[in-house]
Amino acid sequence: MLTIPRPLTLADIPAHTSNLENGQKLYNAGGCHSCHLPAKGSTIDKEIPAGGAPLHTPVGTLYPPNLTPDAETGLGQWTDVEFVNAMQKGIGRDGGHIIPAFPYTSYAHMTVEDVLDIKAYLATLPAIKNAVPAHEVFALPIVRRGLGAWKYLGLDETKTVTDKTQSDGWNRGKYLVDGAGHCNECHTPRTVFMTMNTSKYLAGGPHPEGEGKVPSLINLVGREKYKDAKDLASALQFGEMMGYSRLSSGGMGKVQTNMSKLPEADVLAIAEYLTSLK
Amino acid sequence: MINKFSTILAATVLGLSLTAGVASAGAVDDAIKARKACMKANGGAMGVMVPMMQGAKPYDAAAVGTAVAAIEAACAGWDGWWAPETAKGEAEVTKAKAEIWSDAAGFKAASAAYSAALTGVKGAADEAAFKTAFGAFGGTCKSCHEAYRMPSE
Chain A
1 MLTIPRPLTL ADIPAHTSNL ENGQKLYNAG GCHSCHLPAK GSTIDKEIPA
51 GGAPLHTPVG TLYPPNLTPD AETGLGQWTD VEFVNAMQKG IGRDGGHIIP
101 AFPYTSYAHM TVEDVLDIKA YLATLPAIKN AVPAHEVFAL PIVRRGLGAW
151 KYLGLDETKT VTDKTQSDGW NRGKYLVDGA GHCNECHTPR TVFMTMNTSK
201 YLAGGPHPEG EGKVPSLINL VGREKYKDAK DLASALQFGE MMGYSRLSSG
251 GMGKVQTNMS KLPEADVLAI AEYLTSLK
Chain B
1001 MINKFSTILA ATVLGLSLTA GVASAGAVDD AIKARKACMK ANGGAMGVMV
1051 PMMQGAKPYD AAAVGTAVAA IEAACAGWDG WWAPETAKGE AEVTKAKAEI
1101 WSDAAGFKAA SAAYSAALTG VKGAADEAAF KTAFGAFGGT CKSCHEAYRM
1151 PSE
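Line by line, the protein sequences give chains A and B.
FYI, the numbering used here numbers position 270 of the first sequence as 270, with every residue one higher than the one before it.
Whatever position you read off the second sequence (first residue = 1), add 1000 for the numbering used here.
Pulled out of the complex, with its shape left as it was, chain B reads as follows (with noise of 0.2 Å):
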């Protein structure tokens, strides 16, 4: 008697455990798809202001601006996306480093300085004022990305 009651007490205790496991999951992979949705907009963000700074195409303000708050959009709640949880996700993959989480105020400054120097991108009041703003923003990727996101294909 006794031992099936502690069968079936095991048996919702972990189904209990599984369910709030598959929950968390399913977070975990929400706020990394969030990060890798803010990463791809800063892509196409670069893409667009990338030859401006080459050269290749004129530089366009209003064009500029847009892929800023393509940027702002997607990346809008950035700092709760960054739970010790999702260091890994069961479903997403992700190239976050340990570091993210055992230097936690370091890459919360290293986001300030990100957010500050995009700030400058979009006040940037000409041409020359831009690429100035763009150079230190790809900096800001730059010094983030050597700290804390791993290599790939």
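Same shape as in the complex, but just chain A (with noise of 0.2 Å):
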């Protein structure tokens, strides 16, 4: 289960016609925007993720990359291989090791297919040429190598199993949590190795961006933060819209906004899953 990755090659990718309807949807799910939105005060349409927007984290300021099909400066190259083992295994196009601020851990359990299907409709977006600053991180190529060991324990490339016991909403729900979601990333937290701490799954934690507390997502209806899966639904739908507070601090208002774009089935399976975790 915990291997340090082997990079993919051609062999490995299934012959698959892509979906753009469904990239769409794992894009939105996936909350790319989030993080590769242009710069503030740049003169690019702030819908596009033409990157560029500063990310503060613990090890330094990441600059997102730019996700547009430009030949240059974004994705206009890059193979089906190349963009499954940035996505899935955490290696870059120079096949250096990628800073998991990139939630490859998460993106690991979704199918190849999915994925591919994220490229596609990434391809259908408008060519920006818009080159991003370097990563300041301190030692950055000291770090990369610090990755490939750091892999060995943080990176679980196990696909997410359907549970026949459970309904098909329930299934649908945790492959979008675990996966594309990323939940994880902020809301279980890690050990001191930076890991995700599995035993206490989205059980809550400090903030990785130094802003509180984020909250645990365990027994949320035994805990009266909602009524039900249905009212977590609405929650996630609309927000502080409809007077739901509790989602827009934290980053988890740019999370909504983007959960407000997916189909209502979606965001009802989401919610079924994660009232139901006890």
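Rather than coming from a laboratory, the hints here were simulated on the basis of the structure.
Watch out, some of these pointers could steer you wrong.
[Unchecked claim] As a list, the in silico DMTMM-like pairs of lysine to aspartate or glutamate whose alpha-carbon atoms are at most 20 Å apart:
no.	chain 1	residue 1	chain 2	residue 2
1	A	Lys-227	A	Glu-264
2	B	Lys-1036	A	Glu-211
3	A	Lys-254	B	Glu-1099
4	A	Lys-40	B	Asp-1103
5	A	Lys-159	A	Glu-185
6	A	Lys-254	A	Glu-185
7	B	Lys-1057	A	Asp-228
8	B	Lys-1033	B	Glu-1085
9	B	Lys-1095	A	Glu-209
10	B	Lys-1095	A	Glu-211
11	A	Lys-40	B	Glu-1099
12	A	Lys-213	B	Glu-1099
13	B	Lys-1057	A	Asp-231
14	B	Lys-1108	B	Glu-1072
15	B	Lys-1040	A	Glu-224
16	A	Lys-213	B	Glu-1092
17	B	Lys-1088	A	Glu-209
18	B	Lys-1088	A	Glu-211
[What the hints assert, rightly or not] Computed far set for chain A versus chain B, every beta-carbon distance over 12 Å:
no.	residue
19	Leu-10
20	Ser-18
21	Asn-19
22	Asn-22
23	Leu-55
24	Thr-57
25	Glu-113
26	Ala-123
27	Asn-130
28	Leu-147
29	Gly-169
30	Gly-222
31	Glu-264
32	Ala-265
Glycine is no exception: its CB is placed at the ideal position from the N, C-alpha and C atoms.
Each chain sits in its own coordinate frame; assemble them with the hints.
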């Protein structure tokens, strides 16, 4: 299960006819835009994931890259293998390890087909030429090397398995929560090695950017945070527009905006799965 | 002698500054308490208006008026509750983010947008107008909380 990732080769990529609608759905479920948006004050349409806005992390300031199909500064020349390696193995186009602020540890649980659909959707966006600044991380080459060892502990590549004793909605919800949605990245606390503390799955913890505390998602109904799954789904769909005041702070506002773009069935599935956690 | 004098002086100065500290801590906690009471009034008013938005309860213009008036009463004085010392209370914990002070102009603009949206809800002539106005009002809650409030359990 826990192995140093071997880069995928062409032979690992299944034959797949891309589904753009599915790609867009997963793009929103993943909230790709929230980190890959253009910098404040840039003239680029802020809805386009052309990259460049700074992301402040404990290791330094990162500049998430341009996801538009521009050949020079975006993903235009990326092959399917390169894209899947980045998304699910944390291996960059240059073969180096990617800093896990990019949540490949979650995306690793997705199906390769879904990852390819995201790539196909990104290819339909306008190609924007936007070279982003280099990451500002102390001793970056050493950090990148160290990440190889970190992945041995921190990258679990197990695909989400269907639990036949649960409903389709529950399974869909789990798939979105653990994979594209990467809820774990903030809602599951980390160990001293900065890997997921899986014994405290979605149980909340310190905020990764130092903004107070990330709430627990366990027993949301029993703790009277929400009335039932439908209430939570409505909260994720409408947020404060309907008076649900818990979903704005600490970056969750952006997540909720992304969730509001998902089909209702997917939001209900996420809520069904989350409210089942005890 | 000089030593004794300076000890007394130091003790007096320390005593004075402690007293001043306690007094201002009280004022800080009062401001934080007032802010919380205002937010609580907002929560209460939401409890009245959201069911109307969701269609769980019929639209009731008088109840909307009462809910808005409760917010206005609890929040009068808002602009005076954000002195820099109120970033952290002694007795009262606050979820206010540092950005309220580092981006004071942005916070002021967000407060003004909220007030305008609240006036919009108050002035809505019918159910359709109320629903539109309430959507805008909720949007100002969301955008301000996104930028200026810390998450919590």
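Going through the hints against the structure:
1. A:Lys-227 <-> A:Glu-264: Answer holds: A:Lys-227 to A:Glu-264 is near 18 Å, not above 20 Å.
2. B:Lys-1036 <-> A:Glu-211: Distance ~19 Å between B:Lys-1036 and A:Glu-211 Cα, so the pair holds.
3. A:Lys-254 <-> B:Glu-1099: Holds, at roughly 17 Å.
4. A:Lys-40 <-> B:Asp-1103: 15 Å, holds
5. A:Lys-159 <-> A:Glu-185: 17 Å, holds
6. A:Lys-254 <-> A:Glu-185: 15 Å, holds
7. B:Lys-1057 <-> A:Asp-228: 19 Å, holds
8. B:Lys-1033 <-> B:Glu-1085: 14 Å, holds
9. B:Lys-1095 <-> A:Glu-209: 15 Å, holds
10. B:Lys-1095 <-> A:Glu-211: 9 Å, holds
11. A:Lys-40 <-> B:Glu-1099: 16 Å, holds
12. A:Lys-213 <-> B:Glu-1099: Distance of about 17 Å is within 20 Å: holds.
13. B:Lys-1057 <-> A:Asp-231: 16 Å, holds
14. B:Lys-1108 <-> B:Glu-1072: Since the Cα atoms of B:Lys-1108 and B:Glu-1072 sit roughly 17 Å apart, the hinted pair holds (cutoff 20 Å).
15. B:Lys-1040 <-> A:Glu-224: Holds. B:Lys-1040 to A:Glu-224 sits at ~18 Å (cutoff 20 Å).
16. A:Lys-213 <-> B:Glu-1092: 17 Å, holds
17. B:Lys-1088 <-> A:Glu-209: 19 Å, holds
18. B:Lys-1088 <-> A:Glu-211: 14 Å, holds
19. Leu-10: Non-interface label on A:Leu-10 holds, nearest chain B Cβ at 43 Å vs cutoff 12 Å.
20. Ser-18: 33 Å, holds
21. Asn-19: Nearest chain B Cβ is 32 Å from A:Asn-19, so the label holds.
22. Asn-22: 28 Å, holds
23. Leu-55: Label holds. Min Cβ-Cβ 16 Å, cutoff 12 Å.
24. Thr-57: 17 Å, holds
25. Glu-113: Nearest chain B Cβ is 34 Å from A:Glu-113, so the label holds.
26. Ala-123: For A:Ala-123, whose nearest Cβ neighbour in chain B is about 30 Å away, the distance exceeds 12 Å, so it holds.
27. Asn-130: 24 Å, holds
28. Leu-147: 28 Å, holds
29. Gly-169: 22 Å, holds
30. Gly-222: Given that every Cβ of chain B is farther than 12 Å from that of A:Gly-222, nearest at about 14 Å, it holds.
31. Glu-264: 15 Å, holds
32. Ala-265: 19 Å, holds
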